[in-house]
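Trainee: Using the sequences provided together with the hints, build the complete structure.
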Amino acid sequence: MYQYTENDQILIDERVAQFKRQTENYFKGELSEDEYRALRLRNGVYIQTHAPLLRVAGPYGLISSKQVRKLAHIARTYDKNYCHFTTRQNIQFNWPKLELVPEILAELATVQMHAIQTSGNCMRNTTSDHLAGVAVDEIADPRPYCEIIRQWTTLHPEFDYLPRKFKIAVSGALNDRAATQFHDIGLHLVKNDAGEVGFKVFVGGGLGRTPIIGQVIKPYLEQKHLLSYLEAILRIYNLFGRRDNKYKARIKILVKETGLEEFTKLVDAEWAHLRDANELSAERVDELKAHFASPAYDVTADTDTSFAEHKVNNKAFATWLAHNTAAHKVSGYTAVFISLKAPDMPPGDITDVQLDAVADIADAYSFGEIRATHRQNLILADVKQADLYTVWQKLAALELATPNIGKATDMICCPGLDFCSLANAGSIGVAKEINEALDDLDYIHDIGELKINMSGCMNGCAHQSVGHIGILGVDKKGAEWYQITLGGSSENNAAIGERLGPAVAKDEITKAITTILDVYVKNRLEEETFLEAVNRLGINPFKEQVYANN
Amino acid sequence: MQIIKDKQRVDNTWQFIADDAALIAGDITVSLARWQQNRADLVAHNGKVGLRLKASDSVEDFAEDLTNIKLVELDFADFSDGRSFSQAWLLRGRFDYKDEIRAIGRYLPEQVFYLSRVGVNAYASEKTTDLDAVLNNLNDFTVKYQSSII
Chain A
1 MYQYTENDQI LIDERVAQFK RQTENYFKGE LSEDEYRALR LRNGVYIQTH APLLRVAGPY
61 GLISSKQVRK LAHIARTYDK NYCHFTTRQN IQFNWPKLEL VPEILAELAT VQMHAIQTSG
121 NCMRNTTSDH LAGVAVDEIA DPRPYCEIIR QWTTLHPEFD YLPRKFKIAV SGALNDRAAT
181 QFHDIGLHLV KNDAGEVGFK VFVGGGLGRT PIIGQVIKPY LEQKHLLSYL EAILRIYNLF
241 GRRDNKYKAR IKILVKETGL EEFTKLVDAE WAHLRDANEL SAERVDELKA HFASPAYDVT
301 ADTDTSFAEH KVNNKAFATW LAHNTAAHKV SGYTAVFISL KAPDMPPGDI TDVQLDAVAD
361 IADAYSFGEI RATHRQNLIL ADVKQADLYT VWQKLAALEL ATPNIGKATD MICCPGLDFC
421 SLANAGSIGV AKEINEALDD LDYIHDIGEL KINMSGCMNG CAHQSVGHIG ILGVDKKGAE
481 WYQITLGGSS ENNAAIGERL GPAVAKDEIT KAITTILDVY VKNRLEEETF LEAVNRLGIN
541 PFKEQVYANN
Chain B
551 MQIIKDKQRV DNTWQFIADD AALIAGDITV SLARWQQNRA DLVAHNGKVG LRLKASDSVE
611 DFAEDLTNIK LVELDFADFS DGRSFSQAWL LRGRFDYKDE IRAIGRYLPE QVFYLSRVGV
671 NAYASEKTTD LDAVLNNLND FTVKYQSSII
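Keeping their order, the protein sequence lines are chains A and B. For the first sequence, position 238 matches number 238 in this note's numbering, and the numbering has no gaps at all. For the second sequence, position 86 matches number 636 in this note's numbering, and the numbering has no gaps at all.
No wet-lab data here; the hints were simulated from the structure. Some clues are possibly wrong.
[What the hints assert, rightly or not] Calculated pairs, DSBU-like style, for lysine-lysine (alpha carbon to alpha carbon, straight line, at most 35 Å):
| no. | chain 1 | residue 1 | chain 2 | residue 2 |
| --- | --- | --- | --- | --- |
| 1 | B | K694 | A | K191 |
| 2 | A | K191 | A | K315 |
| 3 | A | K200 | B | K694 |
| 4 | B | K694 | A | K224 |
| 5 | A | K165 | B | K555 |
| 6 | B | K604 | A | K66 |
| 7 | B | K604 | A | K165 |
| 8 | B | K604 | B | K677 |
| 9 | A | K248 | A | K20 |
| 10 | B | K557 | A | K28 |
| 11 | A | K522 | A | K311 |
[Unchecked claim] Have a look at the derived ranges for each label pair, beta carbon to beta carbon:
| no. | chain 1 | residue 1 | chain 2 | residue 2 | range |
| --- | --- | --- | --- | --- | --- |
| 12 | B | A590 | A | D268 | 34 to 40 Å |
| 13 | A | A272 | B | K648 | 22 to 28 Å |
| 14 | A | D276 | B | V593 | 32 to 38 Å |
| 15 | A | Y547 | B | A627 | 47 to 53 Å |
| 16 | B | Q565 | A | K80 | 57 to 63 Å |
| 17 | A | H273 | B | V593 | 55 to 61 Å |
| 18 | A | E508 | B | D611 | 54 to 60 Å |
| 19 | A | V521 | B | S606 | 56 to 62 Å |
| 20 | B | V560 | A | D363 | 54 to 60 Å |
| 21 | B | T692 | A | I47 | 28 to 34 Å |
| 22 | A | A282 | B | A575 | 56 to 62 Å |
| 23 | A | T210 | B | D577 | 46 to 52 Å |
The beta carbon of each residue, even a glycine, is placed where N, CA and C say it ideally should be.
Mentor: Below you can see the structure in the form of structure tokens.
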């Protein structure tokens, strides 16, 4: 993975010093609440219901074992012994003391981590495919480009006070695992007729209150133009994005109100001034590619036979293999998911003890690298098949091997009313209740691929509008109610879920979900996934059953 | 009143003339609207002329006249309005403007490192303590990822 140069390190150290001064000036009364708010947000600090929240950047999801140990240390020393992985591959601490945040950031800087631009109306952490570099369906490795974008977006002097937040995601594979069509800018690595790698550029996608699927603004962008084209889009957005209403300030609204054709003309006119002056050199791309060269794979990895024996002899291991692993481009290697969706843990949460243990496992079995996924789990990307059984045993002992990846209980869930000052309704408790109702693993496996996303308010941090089943918490006269949508998807077949009907009360939401699953099981065709069934059947059969008694 | 210009404290020699006020001799700044309405008078003005830009003003609207404009003030009504940063960048990067660009109004001394990187070279403030902060904060970073305008 990318290793900081001396200048990278100086930059984050100087950022820590800057934020320390800003925090001191705030406590001295020299910065107002509003002024300090803008500055602290750009350093990942929110003030929530109970305490500040610190969001640490996980650059396109990659974290080293050393960094994971530092996260464990911070959880232990400054927080309540746990942290939370987010849908944008970042890490959140829920209970740090504001005055200690500069100290925490200084600790993070010692392991090449920071919280720069993880919140605020600026360019955020660039996200990517959690299987980057190992996926069997990969066209090109997105990580070198992610790092180029990370550097370009970090402390960009012109675009730090945008109308609203701005998120970029990059996918290098045939199957989009990074929800790129729901980002302000989505980049797909593609090849042209000459076999050269470039970008298909999507713009104006987004979730939140107004979910919109991104549109193609450039079917093929040459690599060398990557940064000049991003600059053109950002300048047009910075100058013309709405600033009068924060709910209409995202680029998706500018694209929608301007129209794609007109918006494209504006961007192209701006780009014409920039494209020849700011080319990304092939040398620079190669330099970054070298940071992401494949590790020293064992060429004899696929000759191991113990793996097959364990699989036959141990049903639990076989089940875990079937659900919590992904194919690897190198024969004899497997990508292993670490499920952060154990039944009794809030989705995405992990303790300090687990973090330390995961770091040890990564060091021993996966080249010391850990990845965060868009669905709030972790991955060990390079595990030899001979080691899978041991890795499984170790993860199982840590309660990190619940075989539910991509299944009903692998829910995406926001912190909800328990922590977040924006929330209208609880989400963690409801997730727990649904989890308890779906406690039969055979049933969950029979249901198969299913993405349930639940947010505690319209801001939609848990991407409910693209869940196969989406659950949205709403406030109805002081009570917590839940709206259900069906048929959303953030993958290649991007779709926004359709609303099932009126919101249901808190004590009915779990029953509604199990009813929906019953309708699916009863009506599905052979091999038909939940999403396919919803697309074929429409929402009516589900609606009829969920609201049958009302 | 003193300002910071090119990292030095200097006396301000310019005066802003409101749209409804009469022009006075000496170095003055006016709104873009006034410049557009009274261009001939202003070009003939006895003294230098500059513009005071709102964040919503378009740099393209006076780009052809830049040789007549000896100061551009970027007037921040709100520090979070980032359009002024692009205005400065366009003036320097696209239209090759060489004279003074000054941040005024409600920008934050905490923003001056970024402002300097998009081409702002002068800073005014009502509070003299802010000027100390400006001078200090211009040195917040010794490294950067993107090219700067100057």
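Trainee: Enumerate the violated hints, using their earlier numbering and listing them in ascending order.
Mentor: 2, 6 and 17
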